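Protein sequences appear in the order of chains A and B. Heads up, the first sequence is in the UniProt record's numbering, so the first residue is 1 and it goes up one at a time. Heads up, the second sequence is in the UniProt record's numbering, so the first residue is 1 and it goes up one at a time.
From the structure, some residues in chain B lie toward chain A, with a derived Cβ separation under 10 Å:
| hint | residue |
| --- | --- |
| 1 | V256 |
| 2 | N264 |
| 3 | C306 |
| 4 | I468 |
| 5 | G572 |
| 6 | S574 |
As a list, the in silico BS3-like pairs of lysine-lysine whose alpha-carbon atoms are at most 27 Å apart:
| hint | chain 1 | residue 1 | chain 2 | residue 2 |
| --- | --- | --- | --- | --- |
| 7 | A | K57 | B | K568 |
| 8 | A | K14 | B | K296 |
| 9 | B | K240 | A | K14 |
| 10 | A | K57 | B | K270 |
| 11 | B | K126 | B | K208 |
DEER-style ranges, computed between Cβ atoms:
| hint | chain 1 | residue 1 | chain 2 | residue 2 | range |
| --- | --- | --- | --- | --- | --- |
| 12 | A | E46 | B | E482 | 28 to 34 Å |
| 13 | B | T480 | A | N54 | 18 to 24 Å |
| 14 | A | N31 | B | G555 | 50 to 56 Å |
| 15 | A | M1 | B | F405 | 55 to 61 Å |
| 16 | A | N54 | B | S64 | 52 to 58 Å |
| 17 | A | E65 | B | I319 | 44 to 50 Å |
| 18 | B | E49 | A | V58 | 55 to 61 Å |
These are calculated hints, taken from the structure and not from any lab test. The structure displayed is predicted, hence computed values, not measured ones. Here a beta-carbon is modelled for each residue, glycine too, at the ideal position from N, C-alpha and C.
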Amino acid sequence: MKIYVKVFAYLRQKYPHVNDLNPLELDVDENATVEDVIKKLDFKPEEIHLILLNGKKVSKSELLEDNCTISLFPPIGGG
Amino acid sequence: MNYGYMGKWLKVNLSSKEMSDFDFPEDILRKFIGGKGLAVYYLWNYAKELEKKGVDLKEMDALSPDNVLFFSTGPVTGTRSPNSGRHHVMALKSPLTGSIGSGNTGGTWGAKLKFAGYDGIVIEGKSDTPVYLSIIDGKPELHDASEIWGKNTIDTTKWLQSKHERKRAGVSCIGPAGENLVPCAVIMNEIHRAAGRTGLGAIMGSKKLKAIIVDGNAKPQIAKQEEFETKVKEHVEKLKENGVTGEGLPTYGTAVLVNIINQNGLFPTKNWQTGVDKEAENISGETLTEKYLISKHPCWGCVVACGRKTKVELGPYKISFTEGPEYEAIWALGGTTNVNNMGAVIRANHYCDIFGMDPISIGSTIAAAMELNEKGLIPEEDLQGLKVEFGNPDAIVELTWMAAFRQGLGYWIGEGSRKMCEHYGAPELSMSVKGLEMPAYDPRGAKGIGLNYATANRGGCHVTGYTIAAEVLGDVDRFTIEGKAELTKTFQDFTSVVNSSVNCLFLTFALGLDEYAEMIGPVTGWDVTTDELLKTGERITNLERMILNKLGISGKDDTLPKRLLEEKMPEGASEGQIVELEQMKQEYYKLRGWEDGIPTPEKIKELELEI
Ligand code: SF4
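Next up, chain A with everything else stripped away, as it sits in the complex:
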């Protein structure tokens, strides 16, 4: 199935052209989880602090849906 991935902050060092306006399109298996995508994109698990699936906070074991969008964030803060 097809999914879309957006990466933010220093995760972009690996994918400089992937952003909110230009998500990465990926083909994944039916039973793929967020963790599979993280591996596929060659990120270390500890690099990923927050995951949103269609805007909802989820864990790494979350199953993906066809056409979903995952947003991956490292630890960030501000104010």
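Starting from the known structure of chain A, arrange chain B with the ligand on it as the hints suggest.
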């Protein structure tokens, strides 16, 4: 003398031009620490004195000589403890809100005030002609400021440093906006750092005080030097290892929040009509870093360095050097206005810095004007041909300088959104609490921050209790209202400790109450526990609230704009949400020991506030 403090506060009466030193007894220092806490203690006593003289505090004009400014550092300020170059400024009454005046700022000025020999400065009365104050090597002097009256913050700062032959002296000053008594005016230091909210710059302007320059070589004494050095090392290590303070903030600055807040659907857009900005990527921290960043710029003693030196290389908003903008400024000038043009945002933010205004209030008020105009509520003649429309970059740039100089519609922008929206007959379009424009998080997408906005003493403010750290950046469920009263109270009381210490709130991404006890203990020699600190934070929050009550503010004012309580978020990751404020608020009052926003006699006694 008490360790950590210089042991001297300066009182300046600008009406009589009298100056005198004073201090606080040790038990008061321990009960209120410094910074915000000590300022609140001073303001409480000052308010009681005014009442005795027959001044009606509810009716008092914030720009009258009766108002008072308190520039305040704490025992940690100016020590080797990380990020301790900050200070707090307070006033009894804000010209923007009518509530208390309060602002916390970075830069170097706080540390340098201590090096000049003082812990704080109280400014009373009003001068007939422009003056500035210098404190160099322990010697305070008032000087004629007619030569710098009218100058922007860059020229003022440079003129003072050159006049006193102190290139690195700290300068706090107002720009033309403060002189013109614009209620959104700020007090700037080091040109680009602001005690930025509640209109403190207009109070300084009303007193005809243009600037305070400080410098010297004195140092606060540390009670337990060896223990202190060990803890400093440990704390710096923790800050370096933490993903937020060690990597996120140094690399991208605070603007790194634009995308994450927008992805969560709580990035207020088009004057809070929605929480999704489809082009927020263009004003994100990543874009700022890639296209506009020159270098990082830390405050004094900072190991994080979230500050940005920036430029705009091309186009109509070209500028070869400025600083910022911070996340909140980007959002206010470029997000809620739906402008999404980083060049224009940088230019408007630069005007805020050099003319001395709060970009959060200015940007939010411009967005409110855009919605008023969308609804046809601003007469043609008031617009003077300017397209005050969502998405128009020229509108934010033009209206920002017009606000500083009170030109045309800019007059109303500078007055803030509450007065402007009342003037144009649609008060519900002001997205403010207690008259202070709310910052960059729509509480429909994080309920705790809504409770914090509603109850924060200075009004619509995020840094009074930054629950976003738990609700959006951490693991707490952002939509539930359960547990949010306690979360908000804890954040607010802890923040009171930080702002009284005084150091940078961003430390709290990596350091908790334990570490604050480990800082304040060895610096002062007091055997402080985390329980004592949290109680101290609670005491400060309550005494500040008691001042609000004297100003006529209570439970009726602890609320949110109707839009957030009644209009469901129309789209995005927070779709369908409103803020269920009342239930959270009643639980919060119970936890606080307040009735209708007023501390009960039992609570006042428990916190030893029968003073
Ligand atoms: S983290 Fe940022 S605001 Fe805090 S002291 Fe450092 S530069 Fe200043």
